[in-house]
Amino acid sequence: MFDIVLYVLLFGIAASALYPFLYMIAVSLSGTVPVLKGEVFLWPKDFNLNTYKAVFEKPEIGRAYLNTILYTALGTTIALLITAAGAYALSKRDMLFRRGFMVMVTITLFFSGGMIPTFLVVRSYHLLDTIWAMVLPGAISTWNLIVMRTFFSGMPQEVEESGKIDGLNDIGIFFRLVLPLSKAILATIGLFYGVAIWNNFFSALLYLRDADLFPLQVIVRNMVLQGAGGANGAANVGGDAMIVDESLKYATIIVTTVPILLVYPFLQKYFAKGALIGSVKG
Amino acid sequence: MTLFRSRLNRSKYLLLLFAPALIYYILFKYVPMFGILISFKDYNPFKGVWQSEWAGLKHYSLFFHSPDFPKLLKNTILLGLYKVVFTFPAPILLALLLNEVRIGLVKRLVQSISYLPHFISNVVVVSMMFLFLSPTSGVVNQLIEWLGYDSINFMQNENYFRTLYILSEIWQHIGWETIIYLAALSAIDPQLYEAARVDGANRWHQVRNITLPGITPAIVILFILNIGHVLDIGFEKVLLMLNPSIYSTADVLSTYVYRTGIQSMNYSYGTAIDLFTSVINLLFILTANWISRRKSETSLW
Chain A
27 MFDIVLYVLL
37 FGIAASALYP
47 FLYMIAVSLS
57 GTVPVLKGEV
67 FLWPKDFNLN
77 TYKAVFEKPE
87 IGRAYLNTIL
97 YTALGTTIAL
107 LITAAGAYAL
117 SKRDMLFRRG
127 FMVMVTITLF
137 FSGGMIPTFL
147 VVRSYHLLDT
157 IWAMVLPGAI
167 STWNLIVMRT
177 FFSGMPQEVE
187 ESGKIDGLND
197 IGIFFRLVLP
207 LSKAILATIG
217 LFYGVAIWNN
227 FFSALLYLRD
237 ADLFPLQVIV
247 RNMVLQGAGG
257 ANGAANVGGD
267 AMIVDESLKY
277 ATIIVTTVPI
287 LLVYPFLQKY
297 FAKGALIGSV
307 KG
Chain B
9 MTLFRSRLNR
19 SKYLLLLFAP
29 ALIYYILFKY
39 VPMFGILISF
49 KDYNPFKGVW
59 QSEWAGLKHY
69 SLFFHSPDFP
79 KLLKNTILLG
89 LYKVVFTFPA
99 PILLALLLNE
109 VRIGLVKRLV
119 QSISYLPHFI
129 SNVVVVSMMF
139 LFLSPTSGVV
149 NQLIEWLGYD
159 SINFMQNENY
169 FRTLYILSEI
179 WQHIGWETII
189 YLAALSAIDP
199 QLYEAARVDG
209 ANRWHQVRNI
219 TLPGITPAIV
229 ILFILNIGHV
239 LDIGFEKVLL
249 MLNPSIYSTA
259 DVLSTYVYRT
269 GIQSMNYSYG
279 TAIDLFTSVI
289 NLLFILTANW
299 ISRRKSETSL
309 W
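Top line first, the protein sequences correspond to chains A and B. Note that the first sequence covers residues 27 to 308 in this note's numbering. Note that the second sequence covers residues 9 to 309 in this note's numbering.
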């Protein structure tokens with residue numbers, strides 16, 4: 027009895043997490059008529075790729091796709107590099123000013139300048155309407171830094187010692203010995219950064235005015251939310267056209283989300299491990 | 009002095025590795041903190057932060073006397089409170105459920121699937137809400153009409169905003185946030201359960217007397233951290249859900265800062281509200297930490 031209730035509950039939770047995506051995929055792959063009749067629930071009917079063709083024919087989507095890929099690749103690389111280097115330095119007990127730096131870093135978890143001072147600072151560095159506005163202001167997440175520091179602290183001393191014997195300095199040890207031994211944590215933190223940048227709407231909203239630089243998230247917002255926002259938005263669209271419009275929106279959402287859904291299973295095994303490392307008190 | 013020199017010499021490569029991070033923190037975290045000064049000034053973009061005229065507490069008093077103040081504070085605090093009451097316990101319950109699963113494959117499968125929404129952007133989540141809940145074509149309203157009721161314009165109705173916000177918040181993060189609790193649960197000694205079974209304790213007794221006490225420290229730590237963000241309502245999602253017809257419940261401090269501060273360029277006024285929010289958050293976390301340290305062994309510092 028206990029087990030039945032348990033499994034029903036868990037099935038419900040898993041289904042509620044998964045079903046919305048299955049539904050959107052099914053609708054976006056279905057023909058106009060079944061969607062219009064409300065016959066699509068789990069499996070596409072009158073399978074076709076017309077909506078996806080329509081999505082990719084919109085020039086702003088291709089452009090935004092490239093932008094998002096560029097921001098994510100560049101941002102993740104930079105973020106991972108300076109976070110890992112900083113975290114490694116902080117994990118070394120004998121570094122000068124280590125305590126001071128730790129305090130400086132930790133304070134930012136609990137107190138920040140806020141939206142407007144940060145905006146003014148980014149503007150004064152002339153970063154508005156540049157790629158860097160999407161990359162630099164969030165280059166380090168302090169949580170990620172602390173997780174990595176905890177990981178490096180647990181690394182055996184022998185790694186450093188063997189490097190010293192080979193005549194490497196700390197930088198050499200970090201790049202040649204420590205990083206190759208840290209693939210799991212790099213994959214985990216890299217995934218966190220990558221997903222955060224891919225999904226980032228806030229920075230684009232604040233720092234970008236130039237439509238040529240817009241990432242996917244802004245395009246989705248403009249297409250789906252501003253279209254659906256007006257109370258009478260549906261009145262001037264005929265039934266048929268509106269349903270197609272609906273499928274088009276689902277297709278856009280799927281296209282935006284699919285890269286995350288694709289990398290997700292591969293990195294799963296890494297990040298469960300990585301998140302555990304961080305939770306073992308730092 | 010020579011000691012300092014030799015330590016500096018020994019640390020120089022480590023300091024070099026830390027340098028990019030240091031520069032980042034100074035440029036993007038600490039310089040903005042000094043920018044808070046403009047909340048006590050009349051910020052003039054041509055004069056910059058330092059040269060602008062002092063204005064004392066003018067912007068603060070303007071805000072506290074503004075007709076929007078009580079509404080904003082109420083909306084922000086209520087949303088934060090609902091988050092603590094409903095969103096915070098959800099992953100604990102799910103972790104307890106998962107902990108009872110005896111079939112490893114089922115447990116892993118449910119975990120993997122429930123993490124998924126955590127990786128979906130707020131833009132997409134809110135888009136899905138608008139589409140699914142649309143009064144004309146959304147599945148939810150189709151179902152409601154099929155059951156013989158009138159369709160509901162969920163996203164334009166101020167009475168539904170808080171419920172929708174909290175429910176979607178739970179949907180997004182319930183799975184992901186179980187990770188920490190499951191880690192705490194896996195640290196509980198299995199012998200405790202065996203001993204309890206020998207003593208005739210049923211599963212409910214085991215949950216109450218072994219499992220829950222085992223994860224209490226994790227719960228307390230996360231609770232304190234959560235309390236510190238009571239007024240920090242995730243800006244993105246509220247802003248995306250926001251439309252003028254639901255301002256009366258959905259407009260919170262951060263969205264107001266965005267509208268008046270950034271969009272209307274009242275930089276000093278917006279910063280004053282920002283600082284007010286930060287200080288209240290800081291007070292919350294300090295108090296929660298202080299209480300926890302006195303009542304139990306667990307605290308952040």
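Among the hints, erroneous ones may be present.
Quick list of simulated restraints, FRET-style, between CB atoms [to be verified]:
id, chain 1, residue 1, chain 2, residue 2, range
1, B, His237, A, Leu92, 31 to 39 Å
2, B, Lys79, A, Pro85, 22 to 30 Å
3, A, Phe67, B, Asp50, 57 to 65 Å
Residues of chain A placed beyond 12 Å of chain B at every Cβ, according to the derived structure [unchecked claim]:
id, residue
4, Ala40
5, Leu44
6, Lys84
7, Leu100
8, Ala111
9, Ile133
10, Leu171
11, Asp192
12, Asp236
13, Arg247
If you're looking for bench data, these hints aren't it; they were derived computationally from the structure. We treat Cβ as the ideally placed atom computed from N, Cα and C, and that holds for glycine.
Ascending list of hint numbers which this structure does not respect
Of the numbered hints given earlier, those the structure breaks are 2, 4, 5, 8, 9, 10 and 13, listed in rising order.
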